[in-house]
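K.L.:
Sequence:
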Amino acid sequence: MSTSTLSQFERGAIYQLLKDSYSQNSIAKKLNRSKSTISYELHRMNKYDPILAQSDANYKRTMCERKTTLTPKYAIIISNHLRLTWSSEQIALHFKLCTKSIYNWIDREIIDFSS
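The opening position of the sequence shown corresponds to residue 0 in numbering that gives the first Met the number 0, with each subsequent residue numbered one higher.
If you are wondering where the hints come from, they were derived from the structure by calculation, not from laboratory data.
Treat each hint with caution, since some may be false.
Derived pair list, reagent style DSS-like, types lysine-lysine, alpha-carbon separation capped at 25 Å [stated by the list, open to error]:
1. K72 to K95
2. K28 to K18
3. K18 to K46
4. K34 to K18
5. K95 to K59
6. K59 to K46
7. K99 to K59
8. K99 to K72
9. K46 to K34
10. K72 to K46
11. K46 to K29
12. K29 to K18
13. K34 to K59
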């Protein structure tokens, strides 16, 4: 079974096979994919549309591994909140940042929270 994401061609094939009344198990076998991959793909939207599914997948891929930029404003805010004994998780949740980014900035000594 392939472990990569579904291609645009495969999404079109899923759509056509659904129109031809194939079951999810049959579609998975024909495309050499796991049943769970097909199930997940079909449950992403109410009525399956391969063009919308591809567009959504492309968008999600662009958001993956995006880099958070540390602005001077956020550096001061994070530093002050760390001094107030907020955890990195609390700061990340409150300011919609990535916890891992905060830890990376601390490790690289980009953020100073020493007293």
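K.L.:
Each of the hints needs a verdict: does it hold here or not?
P.N.:
Here is how each hint holds up against the structure:
no.	hint	verdict
1	K72 to K95	14 Å, holds
2	K28 to K18	17 Å, holds
3	K18 to K46	12 Å, holds
4	K34 to K18	18 Å, holds
5	K95 to K59	18 Å, holds
6	K59 to K46	19 Å, holds
7	K99 to K59	19 Å, holds
8	K99 to K72	18 Å, holds
9	K46 to K34	19 Å, holds
10	K72 to K46	44 Å, violated
11	K46 to K29	21 Å, holds
12	K29 to K18	15 Å, holds
13	K34 to K59	22 Å, holds
Of the hints listed earlier, the one the structure fails to meet is number 10.
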